[in-house]
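Using the working numbering, read the sequence shown as starting at 35 and increasing by one per residue.
Just to be clear, a hint being listed does not mean it is correct.
Claimed, not checked - Computed Cβ-Cβ distance ranges for the label pairs, DEER-style:
(1) 92 to 155: 27 to 33 Å
(2) 170 to 193: 26 to 32 Å
(3) 109 to 133: 34 to 40 Å
(4) 245 to 130: 39 to 45 Å
(5) 92 to 170: 22 to 28 Å
(6) 180 to 84: 15 to 21 Å
Honestly, the hints are just simulated from the structure, not real lab data. A virtual CB, placed ideally from N, CA and C, is assigned to each residue, including glycine.
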Amino acid sequence: MGAAGAEPVAAVAVVAAPEAVAAVGSPAAQSFSQVLLSTLGDCQLAVSVYPTFSYNAAGGGGTGTVRARDDGLLQLVFDPSTLNIPPINYQHAAIIGIPVPPPLNIAIVPQRLEGTLDPATGRLELDFLASFEFSAGPLYRASPLTVATTLTTETSEGALRRGTGQRLRGDGRARLVGVARVPPTPDAFLNTFLMLPTDALAVLSAELTFS
35 MGAAGAEPVA AVAVVAAPEA VAAVGSPAAQ SFSQVLLSTL GDCQLAVSVY PTFSYNAAGG
95 GGTGTVRARD DGLLQLVFDP STLNIPPINY QHAAIIGIPV PPPLNIAIVP QRLEGTLDPA
155 TGRLELDFLA SFEFSAGPLY RASPLTVATT LTTETSEGAL RRGTGQRLRG DGRARLVGVA
215 RVPPTPDAFL NTFLMLPTDA LAVLSAELTF S
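Could you build the full structure based on these sequences and the hints that come with them?
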């Protein structure tokens, strides 16, 4: 969660259950109060000029609330305490088919995921804020790196990365694209390793179930 063509992108993908999509596009969508997000295996991540990582986020997800707004949009607010995103390590991520070497581990701690869904068009806009915590066994642990982006089904573009998303369709699929500008940190090693400041993108396949 990449775009087709020459774009060096790891786009972010969100897939909703087909029955949920049909319901979201109906007048009954205004009565929804809950949403369940379940992350899937076919995800991707990219940072700086490094090749795109394949990322298996199966088993993650979280719950949130849905509120109908006066402008016809649905406001989605996920509870950070319920959000679980699998870490980036040899069990969940690979680059050009090779698992990320242990003991490298990047824990992802969500702090905010909220935004809007237009039930008439399938357009999604979600503000995402998370802390990325790098470690390499007991010998190295970097200060948390905070990353913020807007995940959109439209177009997102940075200095190095660009992607075009896909709105929620009748078959239950969509692609959210988010580019984040990652600032430098006090950690000289991490700055050099990630070439900070730089762009980062992520691809997250998921199921959205509304009730």
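Against the structure, the hints:
no.: 1; hint: 92 to 155: 27 to 33 Å; result: holds (29 Å)
no.: 2; hint: 170 to 193: 26 to 32 Å; result: holds (28 Å)
no.: 3; hint: 109 to 133: 34 to 40 Å; result: holds (39 Å)
no.: 4; hint: 245 to 130: 39 to 45 Å; result: holds (41 Å)
no.: 5; hint: 92 to 170: 22 to 28 Å; result: holds (24 Å)
no.: 6; hint: 180 to 84: 15 to 21 Å; result: holds (20 Å)
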